[in-house]
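**Student:** So the sequences go chain by chain: A and H. The opening residue of the first sequence carries number 0 in numbering that gives the first Met the number 0; numbering runs sequentially from there. The opening residue of the second sequence carries number 0 in numbering that gives the first Met the number 0; numbering runs sequentially from there.
Just so you know, the hints here were simulated from the structure itself, not pulled from any lab data. Treat the hints loosely; a few may be bogus.
As the list claims (entries may be wrong) - Pair ranges (Cβ atoms, derived):
(1) A/E72 with H/P16: 20 to 30 Å
(2) A/L65 with H/Q53: 38 to 48 Å
(3) A/E47 with H/R63: 28 to 38 Å
(4) H/E69 with A/S12: 29 to 39 Å
(5) A/E75 with H/A24: 15 to 25 Å
Stated by the list, open to error - Which stretches of chain A does chain H cover? Using the computed rule of at least three CB atoms under 8 Å from a CB of chain H, they are:
(6) 19–32
(7) 39–51
Claimed, not checked - Below, a list of computed lysine to aspartate or glutamate pairs in the DMTMM-like style, where the Cα atoms sit at most 25 Å apart:
(8) A/K40 with H/D45
(9) A/K2 with H/E75
(10) H/K64 with H/E47
(11) A/K40 with H/D35
(12) A/K2 with A/E43
(13) A/K17 with H/E59
(14) A/K2 with A/D73
(15) A/K64 with A/E75
(16) A/K40 with H/E80
(17) A/K19 with H/E43
(18) H/K34 with A/E69
(19) A/K2 with A/E72
(20) A/K2 with A/E56
(21) A/K2 with H/D35
Glycine included, every Cβ here is placed at the ideal spot set by N, Cα and C.
Number of protein chains: 2
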Amino acid sequence: MYKIRVYVTLRPSILDPKGKASLGALHNLGYNRIKDVRIGKMIELDIEAGSEPQAREAAEMAARKLLANEVMEDFEVEVMEAASR
Amino acid sequence: MYKIRVYVTLRPSILDPKGKASLGALHNLGYNRIKDVRIGKMIELDIEAGSEPQAREAAEMAARKLLANEVMEDFEVEVMEAASR
Chain A
0 MYKIRVYVTL RPSILDPKGK ASLGALHNLG YNRIKDVRIG KMIELDIEAG
50 SEPQAREAAE MAARKLLANE VMEDFEVEVM EAASR
Chain H
0 MYKIRVYVTL RPSILDPKGK ASLGALHNLG YNRIKDVRIG KMIELDIEAG
50 SEPQAREAAE MAARKLLANE VMEDFEVEVM EAASR
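Turn these sequences into a full structure, and let the hints guide you.
**Tutor:** So, in structure tokens, the structure goes:
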């Protein structure tokens with residue numbers, strides 16, 4: 000079993016209203032050293048696969064088909080560990 | 000300027016309905032090798048600070064005060080790079 004993280008982020012050209020709202024709230028709390036906030040998703044997958052490349056490929060397919068909207072989002076896949084099960 | 004990532008995840012004991020829904024959808028698409036899905040947030044911060052520890056501390060404070068709900072979420076801070084500005 001492999002534990003894989005998929006990071007889904009809005010493309011830089013896409014406005015991030017949640018990020019802007021958080022930035023405003025942080026400034027209201029006095030955290031003025033924070034200059035930008037962008038909010039994305041981190042999806043943790045447990046994948047049964049014979050090898051790490053196979054697990055990575057399954058995660059990438061899942062990201063393309065469902066987890067990320069490739070019109071406005073980018074994604075990265077990171078293999079965290081080969082969990083022993 | 001430092002670029003920092005804050006990973007916010009639901010505590011393992013907390014039910015993750017979005018994750019369960021995604022798991023069901025992935026199984027409907029035929030991705031049966033995916034055994035679990037948990038969805039969290041990845042927040043990217045640009046922080047002006049004199050040192051990496053200062054930047055990390057500001058990110059942790061922002062996470063405690065606003066970005067994570069510590070009643071049901073855990074968070075991790077990762078310093079990605081010291082951006083030259």
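**Student:** Compare the structure with each hint and give your call.
**Tutor:** Going down the list of hints, with the structure as the test:
{"no.": "1", "hint": "A/E72 with H/P16: 20 to 30 Å", "result": "holds (21 Å)"}
{"no.": "2", "hint": "A/L65 with H/Q53: 38 to 48 Å", "result": "holds (39 Å)"}
{"no.": "3", "hint": "A/E47 with H/R63: 28 to 38 Å", "result": "holds (36 Å)"}
{"no.": "4", "hint": "H/E69 with A/S12: 29 to 39 Å", "result": "holds (33 Å)"}
{"no.": "5", "hint": "A/E75 with H/A24: 15 to 25 Å", "result": "holds (21 Å)"}
{"no.": "6", "hint": "19–32", "result": "holds (count 6)"}
{"no.": "7", "hint": "39–51", "result": "holds (count 10)"}
{"no.": "8", "hint": "A/K40 with H/D45", "result": "holds (17 Å)"}
{"no.": "9", "hint": "A/K2 with H/E75", "result": "holds (17 Å)"}
{"no.": "10", "hint": "H/K64 with H/E47", "result": "holds (18 Å)"}
{"no.": "11", "hint": "A/K40 with H/D35", "result": "holds (16 Å)"}
{"no.": "12", "hint": "A/K2 with A/E43", "result": "holds (7 Å)"}
{"no.": "13", "hint": "A/K17 with H/E59", "result": "holds (19 Å)"}
{"no.": "14", "hint": "A/K2 with A/D73", "result": "holds (20 Å)"}
{"no.": "15", "hint": "A/K64 with A/E75", "result": "holds (14 Å)"}
{"no.": "16", "hint": "A/K40 with H/E80", "result": "holds (20 Å)"}
{"no.": "17", "hint": "A/K19 with H/E43", "result": "holds (12 Å)"}
{"no.": "18", "hint": "H/K34 with A/E69", "result": "holds (24 Å)"}
{"no.": "19", "hint": "A/K2 with A/E72", "result": "holds (22 Å)"}
{"no.": "20", "hint": "A/K2 with A/E56", "result": "holds (13 Å)"}
{"no.": "21", "hint": "A/K2 with H/D35", "result": "holds (9 Å)"}
Hint check: no violations occur; every hint is consistent with the structure.
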